[in-house]
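Chains as they are written, first to last, in the numbering used here: chain R, 8 to 305; chain S, 8 to 305.
If a hint is listed, it holds; no wrong ones were tucked in.
Where chains are identical, the list cannot tell them apart; a pair therefore holds if satisfied intra-copy or between any two copies.
Listed below are the simulated SDA-like cross-link pairs for lysine to any residue, each with C-alpha atoms no more than 25 Å apart in a straight line:
#1 K266 - P77
#2 K118 - E154
#3 K284 - G303
#4 K278 - N255
#5 K171 - D142
#6 K50 - L62
#7 K30 - N45
#8 K219 - G303
#9 K266 - N247
#10 K266 - N255
#11 K82 - S94
#12 K219 - L256
#13 K158 - S67
#14 K212 - L256
#15 K43 - P300
#16 K140 - N298
#17 K114 - K155
#18 K278 - N214
Please keep in mind that the hints were generated in silico from the structure rather than gathered at the bench.
There are 2 protein chains.
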Amino acid sequence: MKNILIIGCGLLGSSLLRVIKKKKISKQIFIYEKSKVNVLKIKKLKLPGIIINKLDQRISNVDLIIVCTPMSEYKNLILKINNFLSSKTIITDVGSSKSESLKIIKKFLRKDIFWTSGHPIAGSEVSGPEYGKSDLFENKWCVLIREKNTKKNHLSALSKFWKKIGSKVVLMNSEKHDKIFSMTSHLPHLIAYNLVKSAQDFEKKQNYDLIKYSAGGLRDFSRIAASNEIMWRDIFFNNNKNMSTAINLFIKNLNSFKKDINSKNNKSILKKLIQTKKVRSQIIRLKQDINKPDFGRS
Amino acid sequence: MKNILIIGCGLLGSSLLRVIKKKKISKQIFIYEKSKVNVLKIKKLKLPGIIINKLDQRISNVDLIIVCTPMSEYKNLILKINNFLSSKTIITDVGSSKSESLKIIKKFLRKDIFWTSGHPIAGSEVSGPEYGKSDLFENKWCVLIREKNTKKNHLSALSKFWKKIGSKVVLMNSEKHDKIFSMTSHLPHLIAYNLVKSAQDFEKKQNYDLIKYSAGGLRDFSRIAASNEIMWRDIFFNNNKNMSTAINLFIKNLNSFKKDINSKNNKSILKKLIQTKKVRSQIIRLKQDINKPDFGRS
Numbered sequence: 008m009k010n011i012l013i014i015g016c017g018l019l020g021s022s023l024l025r026v027i028k029k030k031k032i033s034k035q036i037f038i039y040e041k042s043k044v045n046v047l048k049i050k051k052l053k054l055p056g057i058i059i060n061k062l063d064q065r066i067s068n069v070d071l072i073i074v075c076t077p078m079s080e081y082k083n084l085i086l087k088i089n090n091f092l093s094s095k096t097i098i099t100d101v102g103s104s105k106s107e108s109l110k111i112i113k114k115f116l117r118k119d120i121f122w123t124s125g126h127p128i129a130g131s132e133v134s135g136p137e138y139g140k141s142d143l144f145e146n147k148w149c150v151l152i153r154e155k156n157t158k159k160n161h162l163s164a165l166s167k168f169w170k171k172i173g174s175k176v177v178l179m180n181s182e183k184h185d186k187i188f189s190m191t192s193h194l195p196h197l198i199a200y201n202l203v204k205s206a207q208d209f210e211k212k213q214n215y216d217l218i219k220y221s222a223g224g225l226r227d228f229s230r231i232a233a234s235n236e237i238m239w240r241d242i243f244f245n246n247n248k249n250m251s252t253a254i255n256l257f258i259k260n261l262n263s264f265k266k267d268i269n270s271k272n273n274k275s276i277l278k279k280l281i282q283t284k285k286v287r288s289q290i291i292r293l294k295q296d297i298n299k300p301d302f303g304r305s
Numbered sequence: 008m009k010n011i012l013i014i015g016c017g018l019l020g021s022s023l024l025r026v027i028k029k030k031k032i033s034k035q036i037f038i039y040e041k042s043k044v045n046v047l048k049i050k051k052l053k054l055p056g057i058i059i060n061k062l063d064q065r066i067s068n069v070d071l072i073i074v075c076t077p078m079s080e081y082k083n084l085i086l087k088i089n090n091f092l093s094s095k096t097i098i099t100d101v102g103s104s105k106s107e108s109l110k111i112i113k114k115f116l117r118k119d120i121f122w123t124s125g126h127p128i129a130g131s132e133v134s135g136p137e138y139g140k141s142d143l144f145e146n147k148w149c150v151l152i153r154e155k156n157t158k159k160n161h162l163s164a165l166s167k168f169w170k171k172i173g174s175k176v177v178l179m180n181s182e183k184h185d186k187i188f189s190m191t192s193h194l195p196h197l198i199a200y201n202l203v204k205s206a207q208d209f210e211k212k213q214n215y216d217l218i219k220y221s222a223g224g225l226r227d228f229s230r231i232a233a234s235n236e237i238m239w240r241d242i243f244f245n246n247n248k249n250m251s252t253a254i255n256l257f258i259k260n261l262n263s264f265k266k267d268i269n270s271k272n273n274k275s276i277l278k279k280l281i282q283t284k285k286v287r288s289q290i291i292r293l294k295q296d297i298n299k300p301d302f303g304r305s
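Here chain R stands alone, though its shape is the one from the complex (with noise of 0.2 Å):
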């Protein structure tokens, strides 16, 4: 590829930047970034590649445009671009829901411009450009996103860029998507700021200091709910149908743990718990953890 301009330059943007220059996978790249705090950051970082701090008709000519912003500013990114944008550009995100963000492309996006989206599954609770690493992508998933209307050359032209990237590529589509990160994903973050907003009402009214008691494991829910509120608000808001069907899940399975502990159901615990035990193991044989104790901590 002769260039690639990243628009937001975070964790995921910063990195593809790194990994970018680092395996020589385009010759120029360019960044745009909204906020003056991150573009001090990485001018300071020294990363590599040109900012630019107006998107205009230099963009006609970029060979990929990936969008690492927060989904909410999709819609006035869109408007934004859309009278520069070249078809022959591939357009790309990593945004962690789909179905909403696609109907906000499919509304706003010009009708003659292609955009196929993505998702790294390589977040974590740390934000901003100095956070970023070049091997964050190597050996994760991306799902890239395939629908009736997508453009085969331009998905097929992704799939080679992330593979190059290091990552292994899964195509689905975006329903497919939003349930089954509903679940591995988002369901798991929202239950990590809710135990921790819990623990936070529970100190507040017993007057205890718990919270130098969280080695336990209420600290590990902690990492989790750590994460960029803008990013999650997003993601929560925009695959809130899939939220609440897995709420729902969660709540009626927890009421029935309630129902075995309060009964001292001996035989219908102990299923349950042996039961979960199992997904552990194979977690760490699909190799989406590492096989460590506390995960090594020390």
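Model the placement of chain S on the given structure of chain R, informed by the hints.
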């Protein structure tokens, strides 16, 4: 001390064994372990200590007995050792919930014998003597239970013992202990089990292969949900009243999140997400977790 008897030699018991030997806290260490599999492991690992295969009059000369079995075994254990115990012996345990097990102890332990209850905050998802390590308790909290009938000189000797082990000791009554840990440990474990259970139910119903996409959050919960089922059944059953209260608060808050999501209440959800985020830095400041993104996993 001249001699210490460890009853139950899994993760915690075998870690105590290792650190007692390493720091030369006692001249002799005796081990009583019911499981033949664990006894074989202890021999193969060449762990320090003399394995005894019967609890009889030999235990009356022991300075300190540390019970490291699941809490559901306390009753039978007490009935087995009652006649051989001396009132000079300090007896303690490492069980994770306190009020219910203290009732069992009060009911069945000989009236002239003292049991000083303890809870080192040092578990993990693995169990068995092969996972023990001499620094498991280093810089971790150890809660010692102080109630009206607690034998003061035993409590003070135990406090010294745990400090020598490397732990930070804190005293509280069993009621406060069970409330605090219902929120920082017991509820997080139940929530983790419940999330994994919900993901399994969802996978079955939707016929989606979703565990392979668990790196987005689910994998963290699967670690906690891989914990020993007997130990956790005992904790949930023993602390059932506080668990119920904690579950109710959790469901109330989750329904409030659901309402925010479905009504797209920006102000309300951002307030929650920003507030919960603060706990992470508090936890790191209190040295309850390591200060590395993603727990330092790569």
